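Take the two lone chains, each set in its own frame, and fit them into one complex as the hints suggest.
One-letter residues, chain by chain:
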Amino acid sequence: MKGRQHVNPRPHGASDIHDEDEDEDKTVPGVKPGATGASVGFRAKLAGVSLWDLVQMECMAGSRMVVLVTGEAGIGYLYFDRGHIIHAVTAELVGEPAALEVLSWTNGSFQPCDRPWPETATIVTSHEALILEAAQRRDEGQRSNLVSFPRSGRAAVTEEFAPVTEEFEDLELTDIEEEGALGMRSSNVEDEPPGAAAAHADLGTTDFQVMLRLSASGVVVRSHGASEQQAETIAYVKRLVDLTGELLGLDEFTALEFVFAGGRCVMFTDTNGDTVVLRPKPETNLQPIRGRLGL
Amino acid sequence: MLESMRASLATLKDVAGISGSFVCTQDGRLLSRDIAAVFDDDVLAEAGSRLCRVKEAFAAGGDDLEAGVMRFGEHKIFLKAVGSSMLCIVAAGGINMPALRMAANLVGRRIAADVSRGESEPPPVRTAAAAHPPETGSTRRPTQPLAPPGMRRFRGRAVE
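Protein chains in written order, with our numbering: chain A, 1 to 295; chain B, 1001 to 1160.
Same shape as in the complex, but just chain B (with noise of 0.2 Å):
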């Protein structure tokens, strides 16, 4: 992950009741994050994926999302599109709006184009070794689904 982006999330910061952000492309690669340990790389790589088939399922129907705001209760997810990988910010509920939009889009600006950079980049290739290790008796494991791209996690259960 790049220094210069985790340093500009961190900006993010400097407003009142952000709990921190993160970064995915579209195939489910977590370019950069600055949000609590608490978040495994994981859960993030797959919550962004997710937010970023949002935007990929309203540009179907020809709607180009720019930025969005969701509650869940006490929090909200705030998106901002970078390219074709989005910035999510985690922030509470009562959170100045206008001031998180407002630091949402320099962020945005300032690392479009490290993120196109890491949106070029070939996602890592994993070998037929690595990915489908032999298997032997005892070490044979139950068969998971084949996960859309970008998914590691359904429903709380690790796919590959």
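Extracted from the complex, chain A is given alone in its bound form (with noise of 0.2 Å):
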């Protein structure tokens, strides 16, 4: 989640969040009224804070609570009692597939509140394996902004957790659904100048057989059809090419095209000093890459 937030934990170890331009004494139909009012101890103020987080703070306290849950897709309700989310419900759904909805949210408001108890758990599943539920949901379902390009030759790409900044520009990755869109689209981009076709490239994660991201000490961070072997080679590789780059007295490394007797590879540092690899399919149009990272 990345909007702002307010905290208010109550002794009870519960926490009152809000979106900071809300007033902090609105009521919230359902809203335990004085609910932050009365309580004693620390009222914080948390930026970027994740639902996901909130969640296991709540399960790690073992509240016995109930909370509402504002985000983009309209309000929900999370059920806990003692460690665990027991019954949850959006206006269309209940029970695991409404905590599953409420938790793919990414940006609202996290409140306590007054509601009946239900007669039964609905949700059996632990708390971590929900979010790890909705996180492949939500990995599956993001085809857009999974990798992003800088403008310009000098190569620095951010994944989607990666802060924004004015300098790159996202490249949206979408699924191709219509047969031969991809075609259709890497012609119209070649027949571009390449800045243009960089800003419109339309790639999406259908396109590439490999994604692997490396922290700069060569730990996986992410992975998408990336073998242990092949992330071990691209840590070794990155190494060699730094030496080579700093042996040469050339500036620091920013990305390379590899091209193999069966495929091709595409690297490159990102901001963070993460290395990015993909291995596109072999009918990938690759210029729109090539001229983001310089290539």
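No wet-lab data here; the hints were simulated from the structure.
Just so you know, these numbers come straight off a predicted model, no measurement behind them.
Heads up, the beta-carbon is just placed ideally off N, CA and C, and yes, glycines get one too.
There may be inaccurate statements among the hints.
The following label-pair restraints were derived from C-beta to C-beta distances [claimed, not checked]:
#	chain 1	residue 1	chain 2	residue 2	range
1	A	227	B	1120	26 to 36 Å
2	A	128	B	1109	52 to 62 Å
3	A	135	B	1060	13 to 23 Å
4	B	1122	A	217	39 to 49 Å
5	B	1037	A	261	52 to 62 Å
6	B	1038	A	107	46 to 56 Å
7	B	1102	A	93	58 to 68 Å
8	A	223	B	1011	38 to 48 Å
9	B	1037	A	136	49 to 59 Å
10	B	1084	A	129	44 to 54 Å
11	A	263	B	1102	14 to 24 Å
12	A	107	B	1013	52 to 62 Å
13	B	1013	A	246	23 to 33 Å
Here you go:
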């Protein structure tokens, strides 16, 4: 969750969190009146806290409470009891599907509220498993903003959780549903000057066989289709390339493209020092990426 | 170094933006060079051997590296595998890549026979006396680590 939020931890561990631009005394239907006013303890303002973190906090606190979550797609209620989410409700869903729906939201508020307690628990899955499932669904569903490429030859690429700066422009990565759409789009891109082609790059995760992100220390941060051996190879290659550049007195390594007998590989260094590797499918037009990376 | 190979490398400079080139074998021998003297042979051999190791690393995973381009700020290094050796071309960042690729392909083809001959030659053997001259109390140097084949410098330090 990237929105700014206020958090008002209550003595028993529950948190009262709402959007910063909301009036702190504003009451929300169903929300405990005076829940914040009567509390003692610390009042905190948190920015950029994810809903998943808040859920984990509540579960760790072992709270028995109902939380109203207001997200981009509506409102939902999560019922916490002794470290578990035991029930969830949204406008259309109940139980685990509702919990997964709520956990898929990325912006909103998180407030304790009064709600009737369910007669029986509708969720038996642990909160960790629910969050994992929500994360997996988000990954699978997130076809956009997976990677972004720099406008110029200076390679710096951000992934979905990286801060977006003005210097970089996201490449829209979408599923290509229409057969032949990629070919049409590629030919269009080729007709444009390199800069324009880069700006209109429209590549999907379906365009890449392998997408891999390694931290500066070689830890696999994220992997899509990459084997452990590939990750090791990339980590070693990155080191060799860095040393080569250093030896020849060149500037810092930013990006590369290798052509193999059976494929291609693009690798670049992100702003945070991560190494990102993409192995496109044979039919994928790499010209937009080359433009962005200055290759 | 073969003069014919050097002459072939020199033709690469027809492409605007190419600073120079060199060819290095897998075991770190510099077969030929046509690049500014600021890069000494040892540096080029070491750089080349590392780039050959890049090829080896990918080969271990079943990927046969044919060519590649690496960007370092305002410069690029273009790689072209020639046998088990590597043709390395140092160029400006804004070089015309299709022209560079074409030139590298042609030169790679032209020097292939010479590279093959160079690869088959046994690496120069250093005699024990030359490699480890008798040490005297006054000339004794600190022990240096053994380097992998072809590597003469490691992190800026000369190694044996």
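Now the hints, each set against the structure:
no., hint, verdict
1, A:227 - B:1120: 26 to 36 Å, "holds (35 Å)"
2, A:128 - B:1109: 52 to 62 Å, "holds (58 Å)"
3, A:135 - B:1060: 13 to 23 Å, "violated (33 Å)"
4, B:1122 - A:217: 39 to 49 Å, "holds (40 Å)"
5, B:1037 - A:261: 52 to 62 Å, "violated (36 Å)"
6, B:1038 - A:107: 46 to 56 Å, "holds (55 Å)"
7, B:1102 - A:93: 58 to 68 Å, "holds (60 Å)"
8, A:223 - B:1011: 38 to 48 Å, "holds (43 Å)"
9, B:1037 - A:136: 49 to 59 Å, "holds (57 Å)"
10, B:1084 - A:129: 44 to 54 Å, "holds (50 Å)"
11, A:263 - B:1102: 14 to 24 Å, "holds (21 Å)"
12, A:107 - B:1013: 52 to 62 Å, "holds (56 Å)"
13, B:1013 - A:246: 23 to 33 Å, "holds (25 Å)"
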